[in-house]
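Participant: Chains as they are written, first to last, in our numbering: chain A, 1 to 113; chain B, 1001 to 1114.
A couple of the hints might just be wrong.
[As the list claims (entries may be wrong)] Not the full set, but computed from the structure, chain B residues with beta-carbon under 7 Å of chain A:
id, residue
1, Y1032
2, V1037
3, S1039
4, G1043
5, L1044
6, L1048
7, K1049
8, F1063
9, G1094
10, K1101
11, F1104
12, G1105
13, T1108
[Said to hold, decoys possible] In silico EDC-like links for lysine to aspartate or glutamate, alpha-carbon gap of 20 Å or less:
id, chain 1, residue 1, chain 2, residue 2
14, B, K1061, B, E1113
15, B, K1049, A, E22
16, B, K1061, A, E22
17, A, K79, A, E22
18, B, K1111, B, E1064
19, B, K1049, B, E1015
Because the hints were derived from the structure by calculation, they are not lab data.
Beta carbons are placed, not taken as given, at the ideal position from N, Cα and C, and that holds for glycine.
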Amino acid sequence: SQTIHQWPATLVQPVGSPLSLECTVEGTSNPNLYWYRQAAGRGLQLLFYSVGIGQISSEVPQNLSASRPQDRQFILSSKKLLLSDSGFYLCASQGAVRGTEAFFGQGTRLTVV
Amino acid sequence: AQSVTQPDIHITVSEGASLELRCNYSYGATPYLFWYVQSPGQGLQLLLKYFSGDTLVQGIKGFEAEFKRSQSSFNLRKPSVHWSDAAEYFCAVGATGGGNKLTFGTGTQLKVEL
């Protein structure tokens, strides 16, 4: 099965600072990759997904961006963080075949102060 | 577009009691359905999934779920809850396109009383 490595586990950043969260995947090739944000009581909000290197789709307008420089690497970035960017960020990997399950990383707790 | 509703935000049960978590989905074709569990501060772990065939699906940790097409439901059950089952549970439906992404419900927080 797949293993999703996500770091850092926790991060405290000042407003206006940049952000880079990294996710790498083991145990599969050509996965679909996802960034979710989780807020209490609101479930998982899909932010970005990627079906291949350099291919990024954004689900919601926001202050964040994503990149996929390698097949099994997915990066979430921001040039200037906002207070509203605080949350729990999860990276996920899924096969391209419909109905395959998604595997999740352990998440990053981001607090913008 | 597909959607998932988990009507119960919080549920409290006593240890040893039975459990049922509700999930209703909206999808235009035969759905692919999943249940995930999340412990505090952790990622999500797959409990079980339904693709086709037998509508009663067995998962890990003694959980099962039943797909009922007529009710658009995929409820999660466990006959006897353990204190370690306290966590948040998410139901999800799989999409046909757009990266094959999953749409999640808002989750049900389970508390187990000893």
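Participant: Hint by hint, note whether the structure agrees.
Facilitator: How the hints compare with the structure:
Because the closest C-beta pair between Y1032 of chain B and chain A is about 4 Å apart, less than 7 Å, the hint holds. Annotation: interface hint on V1037 of chain B violated; nearest CB of chain A at approximately 11 Å, more than 7 Å. At its closest, the beta carbon of S1039 of chain B sits 10 Å from a beta carbon of chain A; the interface hint therefore is violated under the 7 Å criterion. Checking G1043 of chain B against chain A by beta carbon gives a least distance of about 4 Å; that is within 7 Å, so the hint holds.
With 7 Å as the threshold, the beta carbon of L1044 of chain B comes within range of chain A, its nearest partner Cβ sitting at about 4 Å, so the hint holds. Of the supplied interface hints, the one on L1048 of chain B is violated, with its beta-carbon coming no nearer than about 10 Å to a beta-carbon of chain A, more than 7 Å. The criterion of a C-beta within 7 Å of any C-beta in chain A is met by K1049 of chain B, whose closest approach is roughly 6 Å, and the hint holds. Against a cut-off of 7 Å between C-beta atoms, the interface hint on F1063 of chain B is violated, since the closest Cβ of chain A lies about 15 Å away.
The closest approach between the C-beta of G1094 of chain B and any C-beta of chain A is roughly 5 Å, which is under the 7 Å cut-off, so the hint is satisfied. With 7 Å as the threshold, the beta carbon of K1101 of chain B comes within range of chain A, its nearest partner Cβ sitting at about 5 Å, so the hint holds. Of the supplied interface hints, the one on F1104 of chain B holds, with its beta-carbon coming within about 4 Å of a beta-carbon of chain A, less than 7 Å. Taking 7 Å as the C-beta cut-off, the interface hint given for G1105 of chain B holds, the closest approach to chain A being about 6 Å.
At a threshold of 7 Å, the smallest CB-CB gap from T1108 of chain B to chain A is about 10 Å, leaving the interface hint violated. Annotation: proposed proximity of K1061 of chain B to E1113 of chain B holds, straight-line Cα distance about 18 Å (limit 20 Å). Straight-line distance between C-alpha atoms of K1049 of chain B and E22 of chain A comes to about 28 Å, which puts the hinted pair past the 20 Å bound. Between K1061 of chain B and E22 of chain A the alpha-carbon distance is near 31 Å, which puts this suggested pair outside the 20 Å criterion.
The suggested pairing of K79 of chain A with E22 of chain A holds, with an alpha-carbon distance near 15 Å, which does not exceed 20 Å. Between the alpha carbons of K1111 of chain B and E1064 of chain B the distance comes to roughly 19 Å, so the proposed pair stays at or under 20 Å and holds. Of the pairs offered as hints, the one joining K1049 of chain B and E1015 of chain B is violated, with about 25 Å between alpha carbons and a cut-off of 20 Å exceeded.
Checked against the numbered hints above, the structure violates hints 2, 3, 6, 8, 13, 15, 16 and 19; every other hint is satisfied.
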